[in-house]
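> Okay, here's what each chain looks like letter by letter:
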Amino acid sequence: MKKECIAMLLAGGQGSRLYVLTSDVAKPAVPFGGKYRIIDFPLSNCTNSNIDTVGVLTQYKPLELNSYIGSGQPWDLDRLDGGVHILPPYMQEGERGSWYKGTANAIYQNIGFVDMYDPDYVVILSGDHIYKMNYAKMVEAHKEAEAACTISVLEVPWDEASRFGIMAVDKEDNIVEFQEKPKEPKSNLASMGIYVFSWKKLREYLVADEADASSSNDFGKNIIPKMLGAGEKMIAYRFDGYWKDVGTLESLWDANMDMLSRGDLDLLESSWPIYARLPSEPPAFISKTALVEHSVVTQGCEISGTVKNSVLSHGARIEEGAEVSYSVLMPGVTVKRGSVVRYAILGENCQVEAGATVGENPENCDPEKWGVTVLGPGTAIGAGEVVAPNSMLNRDHKEVSR
Amino acid sequence: MKGLHGIIFSYEKHNDLRELTANRTPSSVPFAGRYRIIDFILSSMVNAGITDVGVVMGGSYQSLLDHLGSGKDWDLSRKHGGLRLLPPFASEGTRGGSGGFRGKMEALAGVRSYLEGIRQSHVVLADSDLIINIPLQDVYQAHLASGADITAVCTSNVDSDCDVTFFRLDNEGRVGEVLFPLRDRTGCHRALEIYVLSKQLLLDLVDECMSHDQTSFRGAVLQAKASSLHIHSYVWDGYAAQIRSLKEYYTRSLELLDPAIRREVFPAARPIHTKERNDASTYLDPTGACCNSLVADGCTIEGTVENSILFRGVSVARGAEVKNCILMQDVTVSRDAVLHHVIADKNVEVADARTLMGHENYPMVIAKDSKV
Chain U
89 MKKECIAMLL AGGQGSRLYV LTSDVAKPAV PFGGKYRIID FPLSNCTNSN IDTVGVLTQY
149 KPLELNSYIG SGQPWDLDRL DGGVHILPPY MQEGERGSWY KGTANAIYQN IGFVDMYDPD
209 YVVILSGDHI YKMNYAKMVE AHKEAEAACT ISVLEVPWDE ASRFGIMAVD KEDNIVEFQE
269 KPKEPKSNLA SMGIYVFSWK KLREYLVADE ADASSSNDFG KNIIPKMLGA GEKMIAYRFD
329 GYWKDVGTLE SLWDANMDML SRGDLDLLES SWPIYARLPS EPPAFISKTA LVEHSVVTQG
389 CEISGTVKNS VLSHGARIEE GAEVSYSVLM PGVTVKRGSV VRYAILGENC QVEAGATVGE
449 NPENCDPEKW GVTVLGPGTA IGAGEVVAPN SMLNRDHKEV SR
Chain S
41 MKGLHGIIFS YEKHNDLREL TANRTPSSVP FAGRYRIIDF ILSSMVNAGI TDVGVVMGGS
101 YQSLLDHLGS GKDWDLSRKH GGLRLLPPFA SEGTRGGSGG FRGKMEALAG VRSYLEGIRQ
161 SHVVLADSDL IINIPLQDVY QAHLASGADI TAVCTSNVDS DCDVTFFRLD NEGRVGEVLF
221 PLRDRTGCHR ALEIYVLSKQ LLLDLVDECM SHDQTSFRGA VLQAKASSLH IHSYVWDGYA
281 AQIRSLKEYY TRSLELLDPA IRREVFPAAR PIHTKERNDA STYLDPTGAC CNSLVADGCT
341 IEGTVENSIL FRGVSVARGA EVKNCILMQD VTVSRDAVLH HVIADKNVEV ADARTLMGHE
401 NYPMVIAKDS KV
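Protein sequence lines, in the order shown, are assigned to chains U and S.
The numbering of the first sequence is the numbering used here, which starts it at 89 and goes up by one.
The numbering of the second sequence is the numbering used here, which starts it at 41 and goes up by one.
Bound-form chain S, shown alone (with noise of 0.2 Å):
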């Protein structure tokens, strides 16, 4: 069968995330009003007619697994292929029986006998950290025309405050070097971690990994093979965010206000699916004000908000303020409460004329079902 399979790494690896990913992989992060990070992705797989998608997962996997369910959200409830979740799974020979996997091949190798399993001739490979709304059908596409090995996608854009992967690019766009970590970026691409190789290929890089005990994805194959191998970029200069540290998700989260950049994140054509909650419509009081806001259903707004995201269920009470804040699912402020630069996790509770300040550079964050 041609076509692609999707493949998500969804254990928890290095990030700083802090409160937000205390019980909870990066990857099942709420973002946007309504999503989890790891929605993206998986969109942008089923908008581009992926009908199989397996997610690696480890780590505190189980509001991800919570969120996910049977895949119907995103169509992906099938009696073939389909969904399908590979938790960490111990066996003679691998490691990683937590989770705690060391790299990408290594975490592949758990789940060595799902890769052969897979009826499509190509492999998609992609993080689940990932902000992006990318037609992988073009993707694939390009790969196929160039006759590649593989086929890194990158962006020119090389800000990052975060660790991350970079490429040095010849003149036919194919990667020459990988490079992390890096200070100087000039002429750099920076890498998105989305690959596209054939099945056969990834099989035969896992078994060559397995048995040189090397675990890394680009130390292993990327770095060790870019002359061997044609690995080659699809650059990719639309909207793509990594959130890595809570400074990303706390600046990537409000630029979303933007209308240009929302534009580019939903996309009517490339909708983004993610778990339905069944919330009323958001009402807004005459007693309350409220602007420049993304505000999701569900929502009871008598106070003042602005320059905020407001998840599913979440009401500010009258006379309260809220800021430059993101409040996640079914937040509560109460009366006269003043809140600047917080990110409030789900359930938390604010009392009445409570102040709390964060600031632009460090919001400041309220765990989950925290009464304040």
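So here's chain U without its partners, still in its complex pose (with noise of 0.2 Å):
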């Protein structure tokens, strides 16, 4: 049945700087915040947005996000018309069909899915990126401006602008140039990887797109620029809220502790709720002789040691004399008495045996050496054992560079 806007979320990529986290899973499926995974805030996002059908594009290691998402009913996405569509690559007719190549080649392969809804618009979102947003907004100013694209920036210091792919933009804010990384960036107006596209218009690129052999079929380095190129109307989309890629291990840990300190996001607010797939666990225990200061903790957490500034995650157990601070722990950790977590992150299910240490704080560390400590999921401690700052362990216990 026809649908005014669709969104399709590319959650394919392996999340490579995630490192030993994205060992087993996609990146939208690492877990964030306590409750939720990455891929959470996009779908939460559509559903407040009151967009009812989305595409879900997987490639990477995608058991546990097929799983996770199942029939799409947390997000209130399991609908009888729509709703969600995991969308793998798949073979077609004469052994044609191929991995996705790129992330404009995801959506050229799925012109089918999208042709069944015969949408307007079509939203293009990414699975690696925690904010909060209204994406019908964005499409009203779409419409509005009769743009063929509308690409969703972020005003970010002028002095970090060349870190991100930036638009130029006029008066009327009319994207009139893009740059990727610039050295000298014409606007501090960063793309936030999130467009909105008229359908026709997208669809014409992405075939003529497809037949280029030179293409990396990609959007930002050519599907965008050749769009520019051709004259089309291009807006850029202003957002004021939070908004963070958490693509790297600093910055997954800088959004958890984002998160902890409830500025810009705050995930008790309940007017946009955050939505997740969560186990029936009872409510977090907090005992006698715990100390839990500027921390969140969830349901079937039981602590009776310290935590300080830090995220736990369901089914947490920190014992009587463990001390752990500035870390995020994701579902599943037991830190055993008397071990001491700093300034890391463990993945799911780790285990920290008694007397162990991991991790660092900075004041007490040479500043070169340290940095974050990430321990794989399913990493196992060893009583007494000492992990340094900035190490990563995977699961087999091995040293894992970054």
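Just to be clear, a hint being listed does not mean it is correct.
To be verified - Cross-link-like lysine-lysine pairs, in silico, DSS-like; alpha carbons within 25 Å at most:
| id | chain 1 | residue 1 | chain 2 | residue 2 |
| --- | --- | --- | --- | --- |
| 1 | U | K457 | U | K486 |
| 2 | S | K386 | S | K287 |
| 3 | S | K315 | U | K376 |
| 4 | U | K396 | S | K363 |
| 5 | S | K287 | S | K239 |
| 6 | S | K239 | S | K315 |
FYI, nobody ran anything at the bench for these hints, they're computed from the structure.
With the hints as a guide, dock the two chains, each given alone in a separate frame, to form the complex.
Below is the structure:
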């Protein structure tokens, strides 16, 4: 049935800069903020923006992501007409068909899916950003301007602009130039990787891009510059809320800490809820011996030790005399008696035995050697063991370099 | 089709939960930070592989309807079977059009056509005021093995201030006598009001009681037929609480702060399911202090919280002190307020610097939506 607007969520990336955290799962399935996975943010934004049809393009290690999304029920995306669809690459007649070669190719390969809904507009999203955003407003701006493409942008500090894809605009916020990580940025409006396209236009460009053997089939590198070059109407849509790309270990840790300080990213604020699929666990228990400060806890946590400035996910067990600070604990982590965990990210089901030390405060460490310590999912740290700051261990207890 | 079908009785009965049941049935009273009382028996059924459950409703069942919805949170939203809500239905020959049933048999007679359509060979009947996490598949297996007509779950713990049924068992565990009320309980077992019997026997009993104008399961079935039917006991000495008075509600709630009891009520293998609410994680501020408490999601704690149970979305402001309290969904405690031994129902707002004191033996209850 015809839909005015559908969303396509690019969730196939490996997330190689998250290293051990994405050794078993795709980046959008990485846990965030105690109760969520990264993909909950774009999915919930869709639901809250009244977009009821979402295609999720998967490719890299999709099993956990697929089962997490399931019928889409937690996000109210289990619909008779529309709803959430997992879209892996598939074979076509005459043994054609291939892996998704790039972001644009992923959409190209699913032209058939989009055409089923015959939408006027398509919202392109990625599965590695933490933000609350009303896409409906952006689509509204796109319609009003009668644009071919609308790109959501964020004002960033000028000295950081060279790290982003920068949109130079005229007085009406029409995009005049796109600069990828420019040395001399012409504006401080950074692309957030969120696009609204008029589907007919995008369809033409996708077909042409596919025919171009020299193209790397990427939105940022190919489609956007080509549309600009052809003089299509492209506008910048300014967003001023919290937005963070959590594609690196540092930014993932930062975003978790941002959530704790409840500034721009206040998840307890209930007008724009973020939904998640969760196991049934009893409320968190905070025992007589516990001290919990400036931290979040969630159902299934059992805390008897000290927890400061940290994000704890469900099923975390912090034993008496253990200390966790400035850390992000993913679901099912146990920290036993007398252990110390500082400035660390602990993947799902890590076990830290008694008296171990993981990570270190920056002030107690050579600044050159300091960094957030990362344990991959399922890593076991033996009693009394010391894991140095800035190191990263995988499930087999092997050091992984970044 | 072999297997068990679940029937939960959730109409109003005599109980003393005061303000907590002013606008809801006992089965939908919030419990343990994020549950309603009915979640425990309902989850026990689901965890035992029961796919079809009927809930006989009556009285102020609106909040229960809202809680259960389609049953999807218990995985009971199914094309065939699943959760069936059975609100009162007046028809000729049956009483109880408003759901003010005089007994289980009358309630069952009111849903007789539903009983006929049950796909399973056996039925488990249960009250909805029970906090329990029991492997019902074991009860069913014991029922089949014993060859009994009815299997009655009971506990050797006879402590109860409320009106409950007692059994005297013979050496083989057969129920000899069914007693109510009972002062001297030595050697007796307390009935937990969970019964397993075949669908056919249940239908026969319902018909027989209807034609004799008998309404009570205890009187007309258990007591009258203790010798003609083989009623066998299944002794469950794991955790079980029948929430029938406010004091029971309060002590049984705070008892959950004991890790050993929590392990019995919430074993990892048999999760208790409930309606999901999508709160964010709970935030504990450096100005606050929280100890020996169960805290559900979506709370903000800036004050002191001790020996308490906080439901989802509770906020305790700076300087406030909450001790030995049960604060239900979305309760707000403002700055410097002091609450001891208080049960605050949903959405209660306590203004700045108020002091509310109940006592261990007589907790203060604040009705839903009150502003103090």
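> Starting from the hint list further up, note which numbers the structure goes against and sort them upward.
3, 5, 6
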